[in-house]
Each structure stands twice: as C-alpha cells, then as structure tokens.
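> Could you build the full structure based on these sequences and the hints that come with them?
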Amino acid sequence: DVKVTQSSRYLVKRTGEKVFLECVQDMDHENMFWYRQDPGLGLRLIYFSYDVKMKEKGDIPEGYSVSREKKERFSLILESASTNQTSMYLCASSFVRGLNTEAFFGQGTRLTVV
Amino acid sequence: GENVEQHPSTLSVQEGDSAVIKCTYSDSASNYFPWYKQELGKGPQLIIDIRSNVGEKKDQRIAVTLNKTAKHFSLHITETQPEDSAVYFCAARAPGFQKLVFGTGTRLLVSP
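So the protein lines, in turn, are chains A and B. First residue of the first sequence: 620, per my numbering; consecutive thereafter. First residue of the second sequence: 12, per my numbering; consecutive thereafter.
This list has only true hints and no planted wrong ones.
Taking lysine-lysine pairs in the DSBU-like style, the calculated list, with each CA pair at most 30 Å apart, reads:
id	chain 1	residue 1	chain 2	residue 2
1	A	Lys622	A	Lys676
2	A	Lys690	B	Lys48
3	B	Lys33	A	Lys676
Don't read these hints as lab results, they were simulated from the structure.
Next comes the structure, spelled out in structure tokens:
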C-alpha cells in the first residue's frame with residue numbers, strides 16, 4: 620500500500636516560532652504537495668514540488684516555504700508562526716505522468732498556534 | 012486559473028436513500044475529475060474519478076457523471092449506509108498541470 624506519513628498528528632506552537640512539518644512517501648512519487656484545510660474553504664494548495672529541489676507556489680504560499688532535498692521527503696516551513704496559520708495541514712504525493720495519477724494523502728497535522 | 016464550486020456544504024439523508032453532490036468547474040481544458048472521501052481523523056482518500064472522454068462511471072454504489080458542455084460533474088451514492096458519513100471533496104485538474112483544485116467539501120451524514 621502507498622503510504623504518506625506526516626511526522627506529527629497534533630502540534631501546538633507559539634506565535635513567532637519557526638515550525639517544521641515533515642512528510643515522507645514510500646511510492647517513489649515525483650510530485651509532492653502541501654495543502655491547508657479549513658472549514659468552508661476546502662483544501663487550498665500552499666506549495667508543490669515535481670522533483671528534488673524543485674518547488675512551485677500554490678494558491679496561498681505567503682508565510683510558508685518548503686524544502687525537498689530527497690525525493691521521498693517534503694517539508695513545510697512556517698518561518699514565523701502566526702495565529703492565522705492555525706489549521707489542518709495535509710501532505711499528498713502522486714506520479715507525474717501516466718494513467719495512474721491518483722494523489723495519496725497523509726493523515727494530516729493539526730497545528731495550533733497560540 | 013481553475014475554480015471549483017461544490018454544493019451542498021452539508022447533506023443529511025436516511026440510511027438507504029440516495030445522495031447527490033454537485034460540482035462545477037471553470038476551466039474548460041480540465042480533463043480529470045476525482046472525488047475524495049475524508050473520514051474523521053484521516054486524510055482524504057480517492058473513491059472514484061472520471062476523465063473528460065467519459066460521461067459516466069460506476070463502482071458498486073457510487074457513480075460519477077460529467078457534463079463537459081455545462082462544466083459540471085456529480086457524485087451519486089445509492090443505498091447509503093452509516094459508514095458513508097464523511098466529508099466528500101470534488102477536484103479538477105487541467106492537462107499539463109500537476110495540481111488538483113478542490114471544491115469546498117460536502118459533509119454527508121447518513122442516519123440509521
């Protein structure tokens with residue numbers, strides 16, 4: 620089975636802290652994504668990466684950065700956490716091409732910034 | 012860019028009834044339309060998808076229909092069961108793009 624693993628289920632951080640959310644996938648997928656999930660807003664794309672060291676901004680990149688040093692790992696970084704970044708964060712991965720382009724999601728990290 | 016609207020935001024049905032969730036998309040070039048189910052405490056999981064060269068696809072109790080002219084697609088669940096209770100997301104993707112654009116989600120509650 621494909622597995623996308625997020626390092627934490629729950630995190631509580633203080634305003635101004637630098638926060639790292641880690642995601643690892645075991646299917647050799649080229650694409651990896653970070654989404655943010657908020658009630659009534661659905662899933663909004665923060666950043667994605669289609670290859671090692673490559674990154675593209677999504678729809679809401681402000682206040683976030685990412686790192687992809689290895690194919691299986693994609694990190695989301697909150698440079699200086701703020702209360703409006705309290706949310707559920709979802710990582711996903713998929714193949715780049717071919718018929719099988721299903722996106723597989725991790726279980727999510729619920730981040731609270733106080 | 013692509014924009015996906017999803018309705019209703021909540022849907023309550025009795026066990027055994029049918030449920031329909033509708034989505035519209037804005038980019039006529041989009042050609043891939045998946046549906047995801049998110050159970051409590053879990054990440055979304057693909058339940059069915061359809062490509063633009065197909066008008067309808069079925070998998071047991073679930074089906075998806077696509078109307079390219081009107082740019083809308085729908086999820087149909089028949090003979091609903093309590094375990095169908097979850098949040099459902101539609102999404103769309105244009106060719107040449109890797110990212111999915113999601114709708115805002117529908118919370119389905121199936122009462123016994």
